[in-house]
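Residue numbers (my numbering), protein chains in the order written: chain C, 147 to 479; chain V, 25 to 379.
Derived pair list, reagent style DSS-like, types lysine-lysine, alpha-carbon separation capped at 27 Å:
1) V:LYS49 to V:LYS322
2) V:LYS49 to V:LYS340
3) C:LYS395 to V:LYS210
4) V:LYS210 to V:LYS176
5) V:LYS164 to C:LYS395
6) V:LYS340 to V:LYS322
7) V:LYS97 to C:LYS395
8) C:LYS395 to V:LYS160
These are calculated hints, taken from the structure and not from any lab test.
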Amino acid sequence: MIRFIISRLIGMVVVLFIVSVVTFGIFQLGPILSDASPVYYYIGKAPATPELLASLTHRFGFDQPIPVQYWNYISGIFGKTITDGVSAPENCPFPCFGYSFRQNELVSTLIGRTIPPSLSIIVGAAILWLVGGVTVGTISALRPGSFIDRASMTGALAAVSLPIFFTGPLLLLVFVYTLHWLPVINYVNPTTNLVGWLQSMILPWVALAFLFAALYARLTRSNMLETMSEDYIRTARAKGLDRRTVVVKHGLRAALTPIVTIFGIDVGTLIGSTVITETVFNLRGLGLLTIQSIRQQDLPVILGVTLVAALALVLANFIVDILYAFIDPRVAL
Amino acid sequence: MSTATAPVPPRSSVGAPFLSVEDLKVHFPTDDGLVKSVDGLTFSLQPGEILGIVGESGSGKSVTAQAILGLHKGSQAQVSGSIWLNGRDLVAASEDDMRQVRGSEIAMIFQDPLSALHPFYTIGQQIAEAYRVHNKVSAKDARARTVEMLQKVGIPNAAGRYDDYPHQFSGGMRQRAMIAMALICKPRLLIADEPTTALDVTVQAQILELIKELRDELDSAVILITHDLGVVAETCDQVVVMYGGQAVEKGPVDELFALPEMPYTWGLLGSMPRMDRVRETRLTPIPGSPPSLINVPKGCVFNPRCRFSDRVPGRKCFEVHPDLLPSSSPRHEVRCHIPHEERVEILDTEIRPTL
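Bound-form chain V, shown alone (with noise of 0.2 Å):
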């Protein structure tokens, strides 16, 4: 299943998947050697589903959307594998041919919407420039296409508005725009790359609703990019928990919620904060930080911050690389040397009780 090397995409017998993210490597060749931020990441996503991506910063998890996006293309980055969207491979794909799809069958929206809108523009503007590269109308056409999706994300007296310029927006609405621009062309794949990051807590929820609603509308996949399992558990269909570079476990939302089984998992879930929980308890974070993309630790990548590495007979931890292997379910991929029967063991007996 993880074999790298496999000449025929695992899932492509199964009926092809609308998104197919094969063996994705992007290197970054650098003065102090090749950072490796993604490095042989898979999955795959159909129509109307919402893929989470998790993962500390560092992870790989933006630069991951951005090579689906093919932003990477013009720069020293090195991406290989392949990403297959509706049969078309959009890492062998031309510059030119990438920028028919961007916006169009693919659209991001950004982590920060104050930064990632033009200062010097009404928002209007952009929102338009994004409508007139795909479609050819008239300057009229595009405003009132325009003041309809800013209607639509819920920007209240649109037509109004759409002379403002990003500064005279708040944040929320800000990106209420950001995602009207990215759904103005009817995008088929929406990537949102921590897309509440910067938002409040009471808007967030409000966005995270947004862009299902807009995903059933649309039908669109939607990948959400974002470090908060609450927001996952929430919102997502499909999940990938990402260290390092690479897929530690991946799996349907339900399924790997009710038995995550990777380390790495375990410690994101004990770091978050939940409301049902007794306040005397402390979050546990995990300890050490995240590995250097130009060393990778040989051997599991996860294992410097490894409290179970020592259940693994000799030190098959440090010295092989695990491969991410289907688990309790055929569609739930753990990458842990640990066996199945005893990641439950631990789960149940040490992990559970202080989450």
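Just chain C, same shape as in the assembly (with noise of 0.2 Å):
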């Protein structure tokens, strides 16, 4: 086990170095094709004077190499200052992703404020989705090809088919614009006014929710069947147990265990990709921060936002890893 755990980590931070190192050569790469200065690219204006220039250019180290200005990026999360050399200098506490000229903000501060509103967004909608979509799906199963069954999985199909930027809107019009159930959507944080966040909450939750709930259920009614049909759901009737306990404790039990695997990984890609759910609702995530950033061609803002996001996916795939060996005795670690 601990054997394992220590492996996973070294991989996880294999993987990190990775996507870091592929992440910040890309970004090298657009100063070089666009013949500007990195310069440019960091403050998003051309420097008045060619002193300032190099002056600039030599303060954030774009005239040493490349590898000693990935190693500075790298040690530099663990906290630095950053200066200009026009606006007084900051501290910039771990972590720190340096400084967005162009939004005049710490890029931690940046994603900080940003990640409440994608978390609340992808734990509520995955809630929903993993307890609706397993629910049908399981309905779906115990009777194959009944109306149930039938209703379900088409009404599944079209679920899928089904964009969030069509269905996103569609909800607001109808509960927000015309029913005026809701008060028009403003994110708030849910320590300070809980039923406000619910209620700002609920919408982006059922659109994106919506479109994995039928994955689930579609996944979820193959699994089940597949395993009801399994040697050992007949010993559990054998045995003469009732419909409930055989459903529940011995078909599910087996069912799910993939679905975990997938669940979890489906959470963290999202970490980050949450943008059109966060545009149609006007909620000012992760997603939306990335967008706006890649428009910008804010680098420091985009090589954090990249690699919060890879920490997420890899760290989700870690959890399902180990929650896997506790679900499935098989498994050792």
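Grab the two chains, each in its own frame, and use the hints to assemble them into the complex.
Written out as structure tokens, the structure reads:
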């Protein structure tokens, strides 16, 4: 177990290293291809005089070899002081991803501010789609070919085919602008205003969960159908167990195990990629920050967001692996 | 005797048997047609007796076992006829009633213990669960009883292995655990569906011996489903040879082995390897393959593969379905158009020398 955790931790560091090298490398390419100074990408405007350009190039370290620049960036994550030579120097504590001169804020502050809305969307939607999808899938699997089965599987197919930029505005139109059941969406901190948070999150949850619930329903159905024809289900019935115990304790227990893996990876992947949901519902989350920084060619922010998203995915995988060992006794770590 | 429409069960006059299966039919509607997996099967069994059901794959052995346990309830299968257990008809019983019977009065051992045990629960949990469904006891008592059962079936260090998972057991151990699970509620009827097929030959004998011992102890009736005539000869009191969903020959084991009369039984005997024969002798396979259970052959089910259908005048074998009729003794029944005397003659002159 400990061996496994250590080896996986080493693997995670390796993956993060590769991701950071590749992203860092890509951003070296931009200035080279457009034949502009990296300083331009850094501060968003051309320095007024060649002397200032030279001074800034030196101050940001762009005159150093790329490996040294990379090392400075990585070691800088643990804290450094940032200055453009014009404004007052700013202390950048861990995790320091640099300073966005376009937005005049530390990258870590920007990310820290946009993570809560994104996480709120993902966690709520994940619970909704897991519970909803598994329930629908199980009911379908227990009566294959029945009306309920066909209706929910047709519904699932429709749900998979409907993108959020269709269902989202539709939900807004109906529940906010027509029925006025919900206020116009505006993210609030759940610790200060729980009701307001729920009111603003419920539609994004439904829109995002709808898409995934459909996938999970189909997945659960096929897993469950397969499990219910296993020999050990027949054994459970031969023992005289009631149907509920057979289905839940013996059937679902086995059918859900592979779904845990997919669930973990889905949640990990979503961090940093809920941009459509955020755009539709006007939530200033990590996805929007990513798109905005790409549009502005705000290199420090893009780099920071990429690293955070990669870390989230790697962590999710790690947790799933550990969890799997507890769920499936045949997996020895 | 074999008339399917007999209003009175033929054996009820001889003193009610413990288990009596009468004209059992299990049909499965499919897109290709009606699959007649079991088509008019009749047999009976007394406590303490072991009945062997022999036949090829697809002859309806396992389907019969599952019908007795009522496992077809709630599925598409059409079950008719009757299964009397201690004066109660299981075919007519509701799923809820059957649930009470399963595990407590009738228990079953399956062919492949690895796939028949749940991979995510420990051996102990699974056996204790079987005990607690039918007995209101504390978790502690169920554990004690489970450990006792595991010891009885010969698992060394039973208390220590209670918390092992099925994949940590060997094949023979798993089958022993299955037997412990089946017997923990002291069932009156034990159905063993090819209990030794997935096991080593050396373990086979141990498992069969164990089933016999436990039968003696509980005085339960046992149905042993197998395709191995050697196992039948060694273990069983009665035997039913099934072919195409029907019994083609049945009777007491010693009589049937002394004087097998149905050509299919001869075929089974001829294709069985024997240690007491010269090595040069070749095994005689039965030509052809088992019949389709959707388009069952007209006349005798075995006629497409029977070498002796020309011994019967006319095309009787291909047109008239033979009845299961008493032969050398009233308890030995054979489903064949060839007259008894001629069957004995064929057996002596053509079959015995090649066995």
